[in-house]
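So the chains spell out like this:
2 protein chains.
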Amino acid sequence: MFEALETGKNLTAEEFKDYREDLRPALLEAQFALAKRDYPVLIVMGGFDGAGKGAVVHRLNEWMDARLIETHALWMHSDEEESRPYYWRFWQRLPPRGRIGIMLGTWYQRATYRAMAGLLDDAGFELAMRRAVDFEQTLVADGALVIKLWLHVSRDMQRLQLSQEAPRQQQNPRVPGDPEAWWSTRGEPQHRGADPVSNLPADPEEWWRRYPQALEVSERLLRLTDSGEAPWHLVEANDRYYRDATAATLILNAMNGHEPGGTASTHPVKFLPEPGGQPTVLDHVDLSRHVPRDEYKLRLAVLQDRVQDLFWQAHRERRSLVAVFEGWDAAGKGSALRRLTAAVDPRLYKLVQFAAPTDEERAHHYLWRFWRQLQRDGRATLFDRSWYGRVLVERVEALVPESTWRRAYSEINDFEAQLVEHGCIVAKFWLHISKDEQLKRFKDREAKPHKQYKISKEDWRNRKKWDDYSLAVEDMVANTSTGKAPWHLVAGNDKKSARLEILELLCEHFEQCLGDRTRRLRDRA
Amino acid sequence: MFEALETGKNLTAEEFKDYREDLRPALLEAQFALAKRDYPVLIVMGGFDGAGKGAVVHRLNEWMDARLIETHALWMHSDEEESRPYYWRFWQRLPPRGRIGIMLGTWYQRATYRAMAGLLDDAGFELAMRRAVDFEQTLVADGALVIKLWLHVSRDMQRLQLSQEAPRQQQNPRVPGDPEAWWSTRGEPQHRGADPVSNLPADPEEWWRRYPQALEVSERLLRLTDSGEAPWHLVEANDRYYRDATAATLILNAMNGHEPGGTASTHPVKFLPEPGGQPTVLDHVDLSRHVPRDEYKLRLAVLQDRVQDLFWQAHRERRSLVAVFEGWDAAGKGSALRRLTAAVDPRLYKLVQFAAPTDEERAHHYLWRFWRQLQRDGRATLFDRSWYGRVLVERVEALVPESTWRRAYSEINDFEAQLVEHGCIVAKFWLHISKDEQLKRFKDREAKPHKQYKISKEDWRNRKKWDDYSLAVEDMVANTSTGKAPWHLVAGNDKKSARLEILELLCEHFEQCLGDRTRRLRDRA
Chain X
1 MFEALETGKN LTAEEFKDYR EDLRPALLEA QFALAKRDYP VLIVMGGFDG
51 AGKGAVVHRL NEWMDARLIE THALWMHSDE EESRPYYWRF WQRLPPRGRI
101 GIMLGTWYQR ATYRAMAGLL DDAGFELAMR RAVDFEQTLV ADGALVIKLW
151 LHVSRDMQRL QLSQEAPRQQ QNPRVPGDPE AWWSTRGEPQ HRGADPVSNL
201 PADPEEWWRR YPQALEVSER LLRLTDSGEA PWHLVEANDR YYRDATAATL
251 ILNAMNGHEP GGTASTHPVK FLPEPGGQPT VLDHVDLSRH VPRDEYKLRL
301 AVLQDRVQDL FWQAHRERRS LVAVFEGWDA AGKGSALRRL TAAVDPRLYK
351 LVQFAAPTDE ERAHHYLWRF WRQLQRDGRA TLFDRSWYGR VLVERVEALV
401 PESTWRRAYS EINDFEAQLV EHGCIVAKFW LHISKDEQLK RFKDREAKPH
451 KQYKISKEDW RNRKKWDDYS LAVEDMVANT STGKAPWHLV AGNDKKSARL
501 EILELLCEHF EQCLGDRTRR LRDRA
Chain C
1 MFEALETGKN LTAEEFKDYR EDLRPALLEA QFALAKRDYP VLIVMGGFDG
51 AGKGAVVHRL NEWMDARLIE THALWMHSDE EESRPYYWRF WQRLPPRGRI
101 GIMLGTWYQR ATYRAMAGLL DDAGFELAMR RAVDFEQTLV ADGALVIKLW
151 LHVSRDMQRL QLSQEAPRQQ QNPRVPGDPE AWWSTRGEPQ HRGADPVSNL
201 PADPEEWWRR YPQALEVSER LLRLTDSGEA PWHLVEANDR YYRDATAATL
251 ILNAMNGHEP GGTASTHPVK FLPEPGGQPT VLDHVDLSRH VPRDEYKLRL
301 AVLQDRVQDL FWQAHRERRS LVAVFEGWDA AGKGSALRRL TAAVDPRLYK
351 LVQFAAPTDE ERAHHYLWRF WRQLQRDGRA TLFDRSWYGR VLVERVEALV
401 PESTWRRAYS EINDFEAQLV EHGCIVAKFW LHISKDEQLK RFKDREAKPH
451 KQYKISKEDW RNRKKWDDYS LAVEDMVANT STGKAPWHLV AGNDKKSARL
501 EILELLCEHF EQCLGDRTRR LRDRA
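Just so you know, the sequences run in chain order X and C. All the letters of the first sequence, read from the start, carry residue numbers 1 to 525 under this note's numbering. All the letters of the second sequence, read from the start, carry residue numbers 1 to 525 under this note's numbering.
Bear in mind the hints are in silico, worked out from the structure with no lab data behind them. There may be inaccurate statements among the hints.
[Unchecked claim] Sample of chain C residues facing chain X (criterion: CB under 8 angstroms; computed from the structure):
id	residue
1	Trp88
2	Trp368
3	Leu419
All figures in this text were calculated on a predicted structure; none of them were measured in a lab. Positions of the beta carbon are idealized from the N, C-alpha and C atoms, including for glycine.
Please construct the entire structure, taking both the sequences and the accompanying hints into account.
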């Protein structure tokens, strides 16, 4: 998920000032409108330490009427809290109707730190997350608007931020107790009801070491708690201007678009302040790769051998591959897929292609047509286009309302998590080309008679929406690329290079997963 | 929960015939209307073996157009299913839009049997249940109407039913494999992905022995999976006429009241076919109890001593009592509470009385005012009226829409489960008197000047709604009386007897819970 949150989005001081001009009065207006409504707004600030959650809250208090905002920082634990059920502390702090409450430190916190410290297993963590969602749904059912922001900083930026804060922190240690005990227990006398709660490390280097671990837990947190009623908004937070403007815009849009009663707003809410020319995750794909013909032939043969062996190994281990192929029109998906299938015994896979749904498919939930294609253990299912249609074409063409495609992220993550849990190997490929390269190929298709069947008016129509699709791809990667079911963005301007890259990535992913399994079996024996 | 489902509700053959006259055409009409709508109806049949789930499905197929109903009995497990993620089998069987699908055997089944067999711990069971709710919510978000019926039979009735079925079963054993292995594993070669799934016992005596265990797991199942989007409807199933008529009426009402889109219907849906004079759980309270004055004094003194000791013991063990007192107007709640508080050191409890909410309380979620009153570990909170107002007065007086009070059952169960999990001891008392006794007391209050402040027009108004309140109490007990947070129905016609009974029940509940804890501590040491 986080690769899409390290693209280098930023604003200049000038741009930020322009935004501020618009945002301040709009936020104040929304706040005064809220004062007359009969529901509260709960802003949940998520993200790592050093991501600037506190700074954003400062900014919000500066821009809005601070008398109508309650900010709760739950990083100190009182005896009174420990003596009551865990959620008591949060119930105490709920804002009344007509007001905004900001939560710095939330119902996610305890389980997250415990999971990072290895004190909570996967099932326990999932349970805590599902209970958190339940709590939010209870509030939403009562009319509350819950706005969840997740601020993401890169590893380096976190180190930088924390090292600037460190001197202050050491003078005022956040949590008393044994400094060695951070992320484990409070070092205080344990009594019933008191769960181990983290001490936070004062040392930025310790955070640096734990960063990958924190990423993994955070990814699961986001996947499990992104609900239709209270979705997460992911914010790239390396640049503070971009971070603050984005956070404020998201809050503004959510407040303006909210209809009390729990279901998603019918107003179209713009997702991000997309100042023209912000970099996206696709801009980080290196399209200059090129493979000469001779090298290509050689490497292709080797890779095809390797992939065939891996398909057989997966079959023996009764593991099932689920591979998804998406990409721009004319990106070369079909020819890349042929290089893959050419290598594999037809008994070991099924290739399914998706266009518009059939009548029968239309009569079911949109995931039904994909579930039914799943092959059994030991056989692969290759999806030429897939369930991602909902957040790509159906989003861009407005075939479904925004609430529907937005909800799909969590439905898709849940679907893929079930596959992974069952033992499937899930790999997803987005075949990327530049806009110019697409034009070249379109023209080539029109020019050559034997390629004309490949090009239609629809392709030209889609091309006009290139920017919308780019944004949809960005959001898709941000919301659905997970450690166990990652998106691979493949450079497609050079067709040969793309084919090799897909095979290579597939082999690596295969080997990692099959290896995983082997390791686990070995550990058990 | 189940005490309210063994009250002896029944229909005569004649009454049933009358119902059938109404139900058949109405069901057919609803079915044909559905055929033109763009959502499916999923009927989930829950309950023990021998509760008559199959018989109800037969009846539905007989009364409706069977060509438009798909019935899926998921008690045989195929190799194809085991080779795919668990929910694949359910996705395969989802009815298309415009159709009815009936599920005999559901996504609850595997975890339930595993929990009964001791193969799944509490957290694992809760997780499986929350995932089941997630699955249902995914369908509901797509427009599906999910109707969940839970058929309950008493222990004796189950034995009777199963012993009639047993000869057939033994000829056609349901699941091949080791008959000893039921409720544990299938006895088939285990491979990855294949989870132990129950064999069902052919021997009714085995079910008889396991009945209490099954009750306990079922209660947790119902508590965890009763959601606003897909609530459970509990059906007393000892009498087959009552069972079939009730099940069919519930389905009819749900279908007629459904608005696609997931939120509850705005049409008022009648809950049950309440043929005048069906017994309720309150009819089983023995109001003839009477305690003579001398015996009362003696026993009261003993009980007050005992209760004081127990409050101190709880304090030492840092356990917190949460006791709820509800009852009819003039049932003697106040005087019973005084007998309790007279016995206890004031430092050990807080008594909170609830009338109409304050402005500040009204500005929050309705549970907020109760959460904030919770005393810390080792101190008791006595609630004179409570969160049950939502499903009693607010329901009967229509102060909130039906969807709101119906959702409250699960919110309340969740709240109390959090209390229990934290270590609180939760006891709930309903003080019951007869309608005649209430009249006598009202008149007495009006007659005696020093009691006139106790009676108001509102009391007389409430009294007119006696039947509505009775039904609300019945539903409340059915939906919220759990093993760890039970409802105690106290006979109040004789005030002295009622006071003693409350103290006695409280002491017993206390001792059981503190004993529990003592045992646990002992076991650990």
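Quick rundown of the hints versus the structure:
With a cut of 8 angstroms, the hint placing Trp88/C at the interface with chain X holds, because the nearest CB-to-CB distance is about 6 angstroms. Hint status for Trp368/C: holds, given a least beta-carbon distance of 6 angstroms to chain X, under 8 angstroms. At about 6 angstroms, the closest approach between the beta carbon of Leu419/C and any beta carbon in chain X falls short of 8 angstroms, and the interface hint on this residue holds.
The earlier numbered hints are all upheld by this structure, with none contradicted.
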